[in-house]
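Participant: Sequence:
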Amino acid sequence: MSGNQEKLTEKDFKDPYEYGFETEIDSDFAPKGLNEEIVKFISNKKNEPKWLLEWRLAAYRKWLNMEEPNWASVRYPLSIIRTLLLCSSQESRKD
Numbered sequence: 211m212s213g214n215q216e217k218l219t220e221k222d223f224k225d226p227y228e229y230g231f232e233t234e235i236d237s238d239f240a241p242k243g244l245n246e247e248i249v250k251f252i253s254n255k256k257n258e259p260k261w262l263l264e265w266r267l268a269a270y271r272k273w274l275n276m277e278e279p280n281w282a283s284v285r286y287p288l289s290i291i292r293t294l295l296l297c298s299s300q301e302s303r304k305d
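The sequence shown begins at 211 in the working numbering and counts up by one.
Honestly, the hints are just simulated from the structure, not real lab data.
Beta carbons: idealized from backbone N, C-alpha and C, even for Gly.
DMTMM-like mimics (lysine to aspartate or glutamate), calculated; alpha carbons at most 20 Å apart, straight line:
hint, residue 1, residue 2
1, K250, D238
2, K242, D225
3, K256, D238
4, K256, E246
5, K250, E264
6, K272, E246
7, K242, E220
8, K260, E246
9, K272, E247
10, K256, D236
11, K260, E247
12, K255, D238
13, K242, D222
14, K255, D236
15, K217, E278
Across the chosen pairs, the derived CB separations fall in these ranges:
hint, residue 1, residue 2, range
16, N280, S237, 32 to 40 Å
17, K256, I290, 20 to 28 Å
18, D236, K272, 32 to 40 Å
19, K221, E264, 33 to 41 Å
20, W265, E220, 25 to 33 Å
21, E264, G243, 19 to 27 Å
22, R266, Y229, 31 to 39 Å
From just these sequences and the hints, can you work out the full model?
Facilitator: Next comes the structure, spelled out in structure tokens:
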């Protein structure tokens with residue numbers, strides 16, 4: 211790697227937040243990771259039409275077969291994708 215770039219490791223993504231700022235809100239989370247069930251879960255939470263779910267699933271399947279580009283010189287363990295939380299939203303208020 212060139213310059214001041216550091217190689218990210220899985221540990222970098224698991225370390226606790228160290229700066230102390232935190233806001234407690236009721237949140238709704240999708241399961242961690244990315245698979246067809248999570249795509250369906252997120253689409254359902256957003257009340258999307260069936261055609262949009264099918265489009266998202268087709269895009270997900272295409273993404274699975276894509277070769278990762280190397281032009282950005284970004285290095286991270288591929289196992290990180292399984293630990294990411296891809297959807298989090300504030301629970302709707304019932305006023």
